[in-house]
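Going by the numbering used here, the residue at position 20 of the sequence shown is 20; the numbering climbs one at a time, nothing skipped.
Incorrect hints may appear among the rest.
Okay, derived cross-link-like pairs now, PhoX-like style, lysine-lysine, Cα gap no bigger than 20 Å in a straight line [claimed, not checked]:
#	residue 1	residue 2
1	98	158
2	25	65
3	98	82
4	65	82
None of these hints come from the bench; they were simulated from the model. Computed from a predicted structure; not experimentally measured.
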Amino acid sequence: MNSIEVIQSGSLSTVQDAGRFGAQKYGVSVCGAMDLRALFSGNMLVGNDANMAGIELTIGSPAFKFQQQTLIALTGSGMSAKLDGTPVPIWESFFAPKGSVIRFLPSANQEGLRLYLCVEGGIETDSVLGSQSTHIGSGVGGRQLSLGDTISIGPISKQNVAGNLIPIELRPQLSTKI
């Protein structure tokens, strides 16, 4: 089984998909990724269905270790990343070798707030009311990641390739101006 180990959790790293709909009348919020475009793009880059769960990184400096070679994509903004000390691209798929560690740092440009880590096969957690999204307040859905957690990854096709990218002109243009 392919998995990722949390070696540094950051302050707010959660499992998210597009959210759960239809349960609001029972007091259960939609939740889901704050930047659906980034989540959907990341899933597309690694060959997943758009709504598969990924890891939403918000603040702090999370780090993860890959237990097997894994095709990944980072989308969104607010952080930069290094794989075993080497900078890696955002909005492009690439392989993380077995045993490699990806570390995230706040971005120098301070534009945006959410970065998504999508992996081929998606993140596997229990589905609650049709969604894997984490709702921290109620404890519904995925979970807020903690040091030492092991995150399971779904089956991979071994047909996807690295180097898929979202062209610059199709990436969101963020601004710090209000």
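Here is what the structure says about each hint:
no. : hint     : in the structure
1   : 98 x 158 : 15 Å, holds
2   : 25 x 65  : 40 Å, violated
3   : 98 x 82  : 15 Å, holds
4   : 65 x 82  : 12 Å, holds
The earlier numbered hint that this structure contradicts is number 2, and it is the only one.
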